[in-house]
Every structure is written in structure tokens, then in C-alpha cells.
Amino acid sequence: MYVAVKGGEKAIDNAHRLLGSERRGARDVPEITIAQITEQLKLGVARVMAEGSLYDPEIAALAIKQARGDLIEAIFLTRAYRTTLPRFGYSLPLETNDMAIERRISATYKDLPGGQILGATFDYTHRLIDFDLAGENAPAAPHENRQGLEPAPHVTGLLDDEGLIEQNAAPSDTPPRDLTREPISYPAGRDLRLQNLARGDEGFLLSLAYSSQRGYGSSHPFVGEIRIGEVEVAFFAEELGFAITLGRVQLTECEMVNQFKGSSKEPPQFTRGYGLVFGQSERKAMSMALVDRALRAEELGQDVVAPAQDQEFVLSHSDNVQATGFVEHLKLPHYVDFQAELGLVRQMRREYAATHSDVTLKEAAE
Amino acid sequence: MTLISATLGHAAPYNFAYLDEQTKRMIRRAILKAIAIPGYQVPFASREMPMPYGWGTGGVQVTAAIIGPSDVLKVIDQGSDDTTNAVSIRKFFEKTAGVAVTTSTSAASIIQTRHRIPEETLKSGQVLVYQVPIPEPLRFLEPRETETRKMHALSEYGLMHVKLYEDIARHGHIAKTYAYPTMVGGRYLMDPSPTPKFDNPKMHRSAALQLFGAGREKRIYAVPPHTEVVSLDFDDHPFEVNKFDKPCALCAAEGVYLDEVILDDRGGRMFVCSDTDHCETRRADGHRGELLGSPIEQKEATHVA
Chain Z
1 MYVAVKGGEK AIDNAHRLLG SERRGARDVP EITIAQITEQ LKLGVARVMA EGSLYDPEIA
61 ALAIKQARGD LIEAIFLTRA YRTTLPRFGY SLPLETNDMA IERRISATYK DLPGGQILGA
121 TFDYTHRLID FDLAGENAPA APHENRQGLE PAPHVTGLLD DEGLIEQNAA PSDTPPRDLT
181 REPISYPAGR DLRLQNLARG DEGFLLSLAY SSQRGYGSSH PFVGEIRIGE VEVAFFAEEL
241 GFAITLGRVQ LTECEMVNQF KGSSKEPPQF TRGYGLVFGQ SERKAMSMAL VDRALRAEEL
301 GQDVVAPAQD QEFVLSHSDN VQATGFVEHL KLPHYVDFQA ELGLVRQMRR EYAATHSDVT
361 LKEAAE
Chain L
1 MTLISATLGH AAPYNFAYLD EQTKRMIRRA ILKAIAIPGY QVPFASREMP MPYGWGTGGV
61 QVTAAIIGPS DVLKVIDQGS DDTTNAVSIR KFFEKTAGVA VTTSTSAASI IQTRHRIPEE
121 TLKSGQVLVY QVPIPEPLRF LEPRETETRK MHALSEYGLM HVKLYEDIAR HGHIAKTYAY
181 PTMVGGRYLM DPSPTPKFDN PKMHRSAALQ LFGAGREKRI YAVPPHTEVV SLDFDDHPFE
241 VNKFDKPCAL CAAEGVYLDE VILDDRGGRM FVCSDTDHCE TRRADGHRGE LLGSPIEQKE
301 ATHVA
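Protein chains in written order, with this note's numbering: chain Z, 1 to 366; chain L, 1 to 305.
Hint data in this document are derived by calculation from the structure and do not stem from the laboratory.
Treat the hints with care, since some could be wrong.
In silico PhoX-like links for lysine-lysine, alpha-carbon gap of 25 Å or less [claimed, not checked]: (1) Lys246(L) with Lys176(L); (2) Lys24(L) with Lys91(L); (3) Lys331(Z) with Lys91(L); (4) Lys33(L) with Lys123(L); (5) Lys10(Z) with Lys163(L); (6) Lys95(L) with Lys176(L); (7) Lys65(Z) with Lys42(Z); (8) Lys150(L) with Lys163(L); (9) Lys33(L) with Lys95(L); (10) Lys176(L) with Lys163(L); (11) Lys10(Z) with Lys95(L); (12) Lys176(L) with Lys331(Z).
Using the sequences and the accompanying hints, generate a full structural model.
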């Protein structure tokens, strides 16, 4: 006989206990440490910090450990933690011109002030599994640059001198909007759009960027510059009356330069797409820059014809914590609604059979 | 050394009912506005909660904003207090607010629900908090928020009437069995959340306050007590609730919403109350359904005795 399902609470407790055990895995394998994650899985940590909107490598690493390597789950943990943190205010705008450069490349010039710095990159590695890495591994020490780097001004600044690229809007005194503190409404300004993209899912932005390259809202981008390195974060303390440095964050910045034939609103010129992400993540920064430029279609007088240009479509579906929650909520019981649909489908099949005597339908629920 | 070592080993110092007071105040303002404009979707700065979007974050935020130490909380999902997510949300408030919890509909001051309204008529002073996935009743007809907000502003609901009409033209009746569109206070078209349309009449002029929270979509809306909630229909195709052929197999209740339970792989099925509290209360009162002994025989036996 059917007995109403009881004991959900105990089942949940037991499931969580099993989860804890599975997370640890075989006990004879040493437990992974937070330091191992922050040092050796740095790019995963960077992604969790970027999409979790919280620059804290240790929290990100702990979240990755707790999430058993599921980065979206780790991003979710980081976000839920972040939302409980007190807010003191906004930092001063970062000065990426003063970045301590670890990598800096431009695709638009062969050489330029500050030079092309390859840095630690997968580019040009042959993607062959390195079986030596399976064991203990002592890589050769990197070469050191004893001279130091010369200043590297932004490439777009060089173009700006010639008036070939659109002027950035003058800095505004109004504080930037914050989509974590107020609901977004459309059309959203570029500050909110960039915030949304910076938190957005790397995979989603990558595919949107790709679609814009393949002709869905075609853009003709050049990588003006990608730079990676640490930047100081300064905060203006009212009590002191001057700005103090809080620390440094590692950032990836991408400035796309897009060909633009002009419109009724704007003369022919190069236009900008901007990407800025915590940690080292060129894929995300480049995708963000491409999507940012695509989303500027309307303000530049272009027709909005493709998904990547449609801000309501892009901004409302970019957040992977929201997306995964709603997709996965289908796991929750829906039997009450399903029952209502069962009743309707059965009724409609009866009506169908009555008017189609040549078709015999098996009567369900009998 | 760091934040982690400072945090490790200490229970996080969360506020009563988890949310900080500033956030609660912001949510309460949204709730008050929602009550003042019945059926209107008020945007609010939904927070990232420690449970997934789509799993009741809107309802949880509404409950967290209104709950006080003397409240008695009931949480149901699919009408049942024992479904996993209902258990999880109830535990969340037991842990963060330390409030009394109950499975009894009449004993609860706040009932958070997903997909059902209790069978027992709610009283004045009770609050029913709905978890809402998609608050916009027009969303599946018009995906753009910019458009649907305009349509609400202008009371331009022709699109919904056309959809219902097309259902009738194509299928002979309105093919909408849950999340059936309602008109609130004669002004706003409202999604009753994915409750079966069976429950729609219970919303109409209910003595309880009904609050709706959509966390992912960042909207709150409300039906104040005694407000008109009318399910859309046509004169020649009046609104009808879902019907069941048999009473509950356990408590013999009629005129309640039933779940179909599959008993074996040979087509064996039974129908039982979806509202588990209602069913248990009836059984405690001596009602017996088909599976617990024939109710007729029992009645006769009582009569003879």
C-alpha cells in the first residue's frame, strides 16, 4: 500500500553526509589544500573570483574545494558569501595605465611603446598531453628581466591622438549603478551592462562573441590590446581626506578596436569594445569586449538584428547562477502541475478519439 | 592570517532570519507598494541567497522580511510539508530565525508555498507567501520586459484574450491547467504562480494576505485581503476548475486537489490528497478512504452499532 513519503529531513541530512564523504574521496589520497588550489589551479580560481564578483583567492579556492571542482557551484557559493559582506563604499577608478604588466599584446601594431610581452600563455603551446606532469615535476625557473619594463600606454590612447577612434565619454560624477543593489531596468546604461558582463558566464559570453564574429550582428574587431597584471586599488577615506591604497588586484583588460563605417549619428571611425575581468582570463575579457561592442549597436545608430546586440536578451541570460538555478529547479517536484496537465491531455485525447474514429488510442489511467 | 582562518570554526553571525535589516526594510517597502497596488509587479533588489535561484529565493526573501519571533511558520511544496525543498526552507528559518514551525494550516501565521494553496480556508491575519518562477503572465506571449511593462501600464491585455480564444478555437477549451491568468482588483493581469487552476477561486476575496516573491526575476506582488481575483474566461466558455472522478483514497475527501500515485507497472493508480495536512487531519477525525477500508461499510457498521 502507498504510504505518503515521509522523512524528507532525514534523507536530506544523509545525502549531505554522503556528499561530504564523496567530496573527500579516497582517504588514502592526501587532502587537497587551499594553497594548492590558489597556486596550481589559478585560472579556475580567477574564474570563480570574476563571476563570483569577489576578489578573494582564498575564498574562491575554498569554494572550489567545497564544490568538488564544479566552478559554477563555486561561483554560487562565493556570491552567497559576498552578499553578506558589509560595504564601505566604492573604490576610486582603477588606473590600468599603471598596471604592473605580466603580459601585454597588441594585434594592431607590430611594435609599440611598452613592447609586446608574451608572459605566461598557452598560446603557441602544442596541445600535446605532457605525460611528465603525471608525476612530481620541477619546471625550469623562468628567465628574469633585470632591466624592468618601459611604460606601456594604452593602444587606444595612441589612436585617440589621431582622432581615429571614438572619444570615450568624459568621466561622470554620478556614482555607477550597481545591479546587485537595485533591479536592472531596460534600456540599461553601459555601466550596468559592463557590470553584468563582468559577472556573466564565460561560456555564454564566448558563444555570443563568436556568433557576432560569424555574422550575427557582424562586427569587425581587432585586438587593440590585451594586458594582464596587478593594479592598485585606492579608496577615498572621508575621515582622512585623501585616498589610501587598499591592495592590488590582478586584472585582464581587453580593448577591442572595431571597424565602423559611420552612421547617421556618427562619422567613420574606429569604435571601442571593453572587457575587464579579475585574474587572468583572456577568453572572458575578449568575449566581454566583443559583446560590449555588439550591445552598443543602438547608441551608435546601428540596427539591432542579432542576439548579441539585444541587451534584454544578453543581460537577462548572462548570469550562470541564475541560469543554473532555474534550469536545475526542474528537478524539484512538479507533480501537482503535471497532474493538471495529465487531466487535460487525457481529456483532449478522448475528444480526439471521438472525432477520429479510424484512430484507436489506448485509454490511459485505466 | 586571513579571512578564512578568522572565519573557520565560527558560526557565521547572521542576522535574525538571515537578511540584514537594511535589506528587510527595502523588501518591506516593496511589499507595502505591492499591497497598495494589488497585482502590480514591484521591482526589488533581490539578494543572492544561499539557496539556488528558482528554488524559492523570492518567497524566502518575502518571508524573511515579514517574519517575527512570535510567528508560526508552515512551508509546503506541492501541498505537502514533507517534500525535500519544503523541508529545506523550513529548516532554513528554524536555523536562522528560531521560529516555531508547524504543518497545521490553521496554526500557522505565515505559510510559504510552492504550487498549491491549502484546502482549508485561510483566515484573517494569516499570510500566504508564494514562490514565483516567472511573475509575468504575459511572458510566454511577449518575452520582452520593456513591452510587457507597457502592456500592463495601458491595461492592454488583448493578447492574453486572443491566446485563450485561440485555445478554444483549436482545442475546444482553454488549454491552461496551471498558472491560469487572473485579473486582480479589475486592473492588473496577474500570474497566480504555477498553482493548478483548481486553486484560483481560493485567491478570490481571501481573508488572508497573499504575497508573491520572484527572486531571480526581482519582482514582488500582492493580493491584499478581500481583493477580487477573477480567472479570465468567456461568457460561452466559463472558467472551470480541474475535476477528479474519485474522492481521496485515504481520507475520502471530495472537492479537493488530488495527486495521482502509480502503484505498480500494470496501470494500478490511486488518487490521494495533495494537501497532506488536510488529509491527515481528516483521517484523524475518522474519515476513511477506499484504501483504508470501505467508507460505506464503515458507515453502515456505525449505524448498526
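Here is how each hint holds up against the structure:
1. Lys246(L) with Lys176(L): 22 Å, holds
2. Lys24(L) with Lys91(L): 20 Å, holds
3. Lys331(Z) with Lys91(L): 20 Å, holds
4. Lys33(L) with Lys123(L): Judged against 25 Å, a Cα distance of about 23 Å means the pair holds.
5. Lys10(Z) with Lys163(L): Since the Cα atoms of Lys10(Z) and Lys163(L) sit roughly 45 Å apart, the hinted pair is violated (cutoff 25 Å).
6. Lys95(L) with Lys176(L): 39 Å, violated
7. Lys65(Z) with Lys42(Z): Distance of about 13 Å is within 25 Å: holds.
8. Lys150(L) with Lys163(L): Roughly 19 Å between the alpha carbons, so the hint for Lys150(L) and Lys163(L) holds.
9. Lys33(L) with Lys95(L): Status violated; Cα separation ~29 Å.
10. Lys176(L) with Lys163(L): Holds - the C-alpha atoms of Lys163(L) and Lys176(L) are around 10 Å apart, at most 25 Å.
11. Lys10(Z) with Lys95(L): Between Lys10(Z) and Lys95(L) the Cα gap is close to 16 Å, so the pair holds against 25 Å.
12. Lys176(L) with Lys331(Z): Within the cut-off at roughly 22 Å; holds.
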